[in-house]
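Using the sequences plus the hints, can you model the full thing?
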Amino acid sequence: MDLATETRKQTRIVPRDDERLKTGGFIRELIRNRILYLMFVPIAVYFIIFAYIPMAGIVMAFKDFNYRSGIFGSPWNGFDNFHYFFVSGKALLVTRNTVIYNVIFLTCYTAFSITAAIFIAEIQKKWFKKMAQSMMFLPYFISWVTVTAFVYNFLNYEYGIVNKILDAFHLSAIDIYSTTWYWYFILPFLYVWKWVGYGSVLYLAAIVGIDQEIYEAATIDGANRLQRITRITIPLLKPTMIILILLGLGRIMRGEFDMFYQLIGNNGTLMDTTDIIDTLVFRSLQGSLDFGMASSVGFYQSVLTLAIILFANYLVRRYDKEQALF
Amino acid sequence: MKDMTARNSKLDRSPLFTTVTYLIVGIIAFVCLVPFIVLIAGSFSSESSVLKEGFWFWPRELSLDAYRAIFRYPHDILSGYRVSILLTVVGTSVSLFISTMTAYVLYRKEVKYRSALAFFLFFTTLFNGGLAPYYLWLSKNLHLQNTYSVLILGPMFNVLFILILRSFIRGSVPEPLVESAKIDGAGDLRIFLQMVLPLSKPALASIGVFTALAYWNDWWTALMFTNKDYLIPLQYLLYKMLSSINLSAAMSQHVTNLDQPKETFKLAMTVVATGPIIVLFPFVQKYFVSGITIGAVKG
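Protein chains in written order, with full-length UniProt numbering: chain A, 1 to 326; chain B, 1 to 299.
Keep in mind that the hints were calculated from the coordinates and are not lab data.
The beta carbon of each residue, even a glycine, is placed where N, CA and C say it ideally should be.
Hints are not guaranteed to be accurate.
[Claimed, not checked] Covered stretches of chain A (chain B as the covering partner; in silico rule of three or more C-beta atoms under 8 Å from a C-beta of chain B):
hint	segment
1	31-41
2	55-64
3	152-166
4	199-210
[To be verified] In the DSS-like style, the derived pairs of lysine-lysine whose C-alpha atoms are separated by at most 25 Å in a straight line are:
hint	chain 1	residue 1	chain 2	residue 2
5	B	Lys109	A	Lys321
6	B	Lys112	B	Lys182
7	B	Lys140	B	Lys52
8	A	Lys238	A	Lys129
9	A	Lys321	B	Lys112
10	B	Lys286	A	Lys129
[Stated by the list, open to error] Computed spacing ranges between beta-carbons, pair by pair:
hint	chain 1	residue 1	chain 2	residue 2	range
11	A	Phe311	B	His75	51 to 61 Å
12	B	Thr124	A	Lys321	22 to 32 Å
13	B	Glu175	A	Val87	57 to 67 Å
14	A	Lys321	B	Ser243	44 to 54 Å
15	A	Ala56	B	Ile37	45 to 55 Å
16	B	Lys228	A	Leu166	39 to 49 Å
17	A	Ile234	B	Lys228	48 to 58 Å
As structure tokens, then:
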């Protein structure tokens with residue numbers, strides 16, 4: 001009986017001891033590896049200043065911001081900032097545009113990257129393969145500012161090469177900068193143009209990783225090259241494809257801001273079909289200094305993005321644990 | 001693979017399939033290249049031929065007028081080059097050093113809280129406060145407008161690159177090597193500087209290319225945080241010249257009154273601003289490829 005209470009006491013004491021050990025362990029750990037932790041300090045300071053403090057500033061979405069009081073001193077105003085964003089229909093419009101464009105981008109990017117990768121893998125002349133790949137990488141290296149010049153070069157109404165080609169075929173010139181539907185093709189085209197080199201390397205790496213014995217066995221069984229592509233390569237690329245698409249979906253609320261801002265700018269005619277969340281935030285900040293709008297839309301985007309990433313990651317996790325982000 | 005493809009071609013020689021393969025890859029590659037050709041052709045065309053016949057795949061009338069117009073008043077461009085080179089060199093070096101150092105800390109097994117530290121960094125890619133607080137915090141509280149600091153610090157780190165570096169170090173610096181160095185009396189910092197850093201060179205080259213590109217192509221930070229001429233990097237200068245409203249303003253002092261080329265000027269300006277990348281491209285593209293693939297192994 002005595003012994004039993006004794007042991008019970010002890011078991012009750014044990015966790016407390018453990019806790020003390022843990023806190024002691026924490027400080028001891030910091031001291032023991034102090035050099036290593038010190039080496040982490042620069043990046044920690046950077047991310048606290050450039051990411052975590054602005055992150056806390058998200059409360060601005062619920063405040064009536066004024067310069068004098070700053071982000072944290074301004075008075076609260078509940079959901080007032082969100083009111084205009086949602087009531088005006090802007091919320092629906094930019095969300096729709098952002099999602100539509102991103103879905104088109106992701107679909108085209110995936111399709112073209114895989115196609116390019118599959119056919120590059122089939123090419124046997126090394127010089128051709130190298131040269132073609134170099135040409136595909138080139139667009140990745142230039143900025144969207146430069147792309148603006150390209151687009152001007154091609155699509156300009158008076159001097160653009162597209163209208164000159166149409167002219168050569170005796171077709172009438174088209175005014176691309178004031179016709180909205182063209183941009184549903186131009187923007188995805190440019191997106192693919194810029195990213196296909198990058199994407200093809202990703203998928204090519206996956207193709208090279210496929211066990212060659214499978215191909216050899218298929219060849220012996222009489223499969224031709226087309227059959228080997230459709231029956232072996234494509235099915236085996238599926239895991240990579242699914243992971244990359246899911247990860248891409250995680251970014252669906254964020255846009256290729258550089259591209260939209262550079263190419264469309266403040267073109268009023270195209271605004272309704274090409275205004276994405278990022279450009280709306282940027283404009284409310286740059287042009288009109290509408291901090292209420294900018295911060296509430298930013299909040300909306302951040303929260304939605306986090307939710308979507310968590311969901312996408314959950315799907316990746318279910319599909320292939322190894323590939324999950326966290 | 002080579003062995004296998006050789007056998008394949010014997011087994012099923014299909015000229016049609018081969019032709020289609022070369023055609024598809026060739027077309028994609030060609031489409032990627034064409035805008036560059038048209039750009040360069042346009043920049044070397046005479047203004048009058050462009051006004052008369054528009055742009056074409058080759059210069060209809062060869063002329064250096066646009067370049068002459070640019071280099072008549074080279075001050076803006078030289079200043080742009082100076083700023084861009086400064087930002088790219090300083091930014092990339094500092095970024096690479098600190099990123100690798102961080103990756104090294106996250107790699108060391110002795111660091112008990114390494115996964116918490118990694119998540120501390122990673123979380124910033126999942127969630128952010130949006131542009132408005134970021135802008136206000138940097139400009140109003142930290143007074144970083146119109147400083148080199150903001151241009152260098154703004155785009156400095158990419159968490160993904162740090163994680164890629166970590167997995168690279170994991171793969172190329174075996175644990176026992178670190179152990180034996182420790183037994184021999186090397187400190188943690190020394191192990192990093194003399195062992196891990198040199199062994200990470202291939203990854204540093206790749207990540208360096210991506211980081212340098214991010215700096216060179218960054219116009220956004222300058223647009224957000226600067227309005228002083230001496231701080232304008234090349235890409236932002238190009239942006240200002242291309243956006244048509246500013247074009248007239250920016251050029252009025254140099255160009256319009258001299259009756260100089262306008263259309264070809266834009267293109268020549270683009271060529272001048274993009275030139276260094278195109279020149280360096282052949283040397284760095286292999287690091288570009290290896291960068292994507294080390295990222296893909298475990299990204």
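message: Tell me if the straight-line CA distance from Lys238/A to Lys129/A falls inside 25 Å.
response: holds, 24 Å
- prompt: With a Cβ-Cβ cutoff of 8 Å, does the segment 55-64 of chain A contain at least three residues near chain B?
  reply: As far as the segment 55-64 of chain A goes, the hint holds, because 6 residues have Cβ atoms under 8 Å from chain B.
task: Check the following: the C-beta atoms of Glu175/B and Val87/A are separated by a distance inside 57 to 67 Å.
output: About 59 Å separates the Cβ atoms of Glu175/B and Val87/A, which means 57 to 67 Å holds.
field: Holds or violated: Lys321/A to Lys112/B, with C-alpha atoms at most 25 Å apart
entry: holds, 23 Å
- prompt: Is the Cα-Cα distance between Lys140/B and Lys52/B 25 Å or less?
  reply: violated, 51 Å
task: Count residues of the segment 152-166 of chain A with a Cβ under 8 Å from any Cβ of chain B, then say if the count reaches three.
output: holds (count 10)
field: chain B covers the segment 199-210 of chain A, three or more CB atoms within 8 Å, holds or violated
entry: This one holds; 5 residues, not fewer than the three required, reach chain B with a Cβ under 8 Å.
message: Please verify whether Lys112/B and Lys182/B have alpha carbons no more than 25 Å apart.
response: holds, 17 Å
- prompt: Holds or violated: are the alpha carbons of Lys109/B and Lys321/A at most 25 Å from each other?
  reply: holds, 22 Å
Distance restraint evaluation - Thr124/B, Lys321/A, Cβ atoms, bounds 22 to 32 Å: About 24 Å separates the Cβ atoms of Thr124/B and Lys321/A, which means 22 to 32 Å holds.
- request: Compare the distance between the alpha carbons of Lys286/B and Lys129/A with 25 Å, and conclude whether the hinted pair is satisfied.
  value: It holds: about 14 Å lies between the C-alpha atoms, which stays within 25 Å.
- prompt: Could one say that the CB atoms of Ile234/A and Lys228/B fall in the range 48 to 58 Å?
  reply: The hinted range 48 to 58 Å holds for Ile234/A and Lys228/B, with Cβ atoms some 54 Å apart.
In this structure, only the earlier hint numbered 7 is contradicted, and the remaining ones agree with it.
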